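Student: Sequence:
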Amino acid sequence: MASKIRVVLRPVKSILVRFCPFEPNVESTRKFLQCINHKKIQATNRNCEVTADVRHDGSEPLIDVMFADGDRLIMKGASLTTQEMLTALGSRCDAKDLKEEQKSKKSP
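The working numbering numbers the first residue of the sequence shown as 1 and each following residue consecutively.
The hints are simulated quantities; they were obtained by calculation from the structure and are not laboratory data. Be aware that one or more of the hints could be misleading.
Here are the computed lysine-lysine pairs in the PhoX-like style, where the Cα-Cα straight-line distance is at most 20 Å [unchecked claim]:
id	residue 1	residue 2
1	96	106
2	31	4
3	13	106
4	76	105
5	4	39
6	13	99
7	4	40
8	40	13
9	76	31
Pair by pair, the computed Cβ-Cβ distance ranges are [to be verified]:
id	residue 1	residue 2	range
10	105	73	23 to 29 Å
11	100	79	29 to 35 Å
12	58	14	35 to 41 Å
13	54	98	15 to 21 Å
14	37	72	30 to 36 Å
15	105	45	18 to 24 Å
16	81	104	31 to 37 Å
Given the structure is predicted, the values throughout are model-derived calculations rather than measurements. By construction, the Cβ of each residue, glycine as well, lies at the ideal position given by its N, Cα and C atoms.
Please build the complete structure, drawing on both the sequences and the hints.
Tutor: Encoded structure:
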């Protein structure tokens, strides 16, 4: 990837990456899994559980992100690039971090 995308997994509880490796549209999903498993990203939240669900059923590639506050982000990998998925996850994580920061500043 040419550009660096900053992803901090602090507000993430778990990430499920599901794909069939024999389908032609899974490359971006596999690259996303590779990026998320990088040691620098993993170091941002050691409690985040990353699961790869590899199937042989022709299913559509899917990324299901569960946040600590109960919210979910579901991305369909067949129609997104790796960069788009990482950007979406990064921006959602940043927004949740900012929200948590503001909440902690309000309450003494």
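Student: For each hint, tell me whether it holds in the structure or not.
Tutor: The hints, checked one at a time:
1. 96 / 106: Judged against 20 Å, a Cα distance of about 16 Å means the pair holds.
2. 31 / 4: holds, 14 Å
3. 13 / 106: Not OK: residue 13 and residue 106 at ~24 Å, beyond 20 Å, violated.
4. 76 / 105: violated, 36 Å
5. 4 / 39: holds, 15 Å
6. 13 / 99: Status holds; Cα separation ~17 Å.
7. 4 / 40: holds, 12 Å
8. 40 / 13: holds, 17 Å
9. 76 / 31: holds, 14 Å
10. 105 / 73: 23 to 29 Å: holds, 25 Å
11. 100 / 79: 29 to 35 Å: Cβ of residue 100 to Cβ of residue 79: about 30 Å, so the range 29 to 35 Å holds.
12. 58 / 14: 35 to 41 Å: At 25 Å between Cβs, range violated.
13. 54 / 98: 15 to 21 Å: The hint (15 to 21 Å, Cβ to Cβ) is violated, given that residue 54 and residue 98 are roughly 35 Å apart.
14. 37 / 72: 30 to 36 Å: violated, 20 Å
15. 105 / 45: 18 to 24 Å: Given range 18 to 24 Å: holds, Cβ gap about 22 Å.
16. 81 / 104: 31 to 37 Å: Holds - the Cβ-Cβ distance for residue 81 and residue 104, about 35 Å, lies within 31 to 37 Å.
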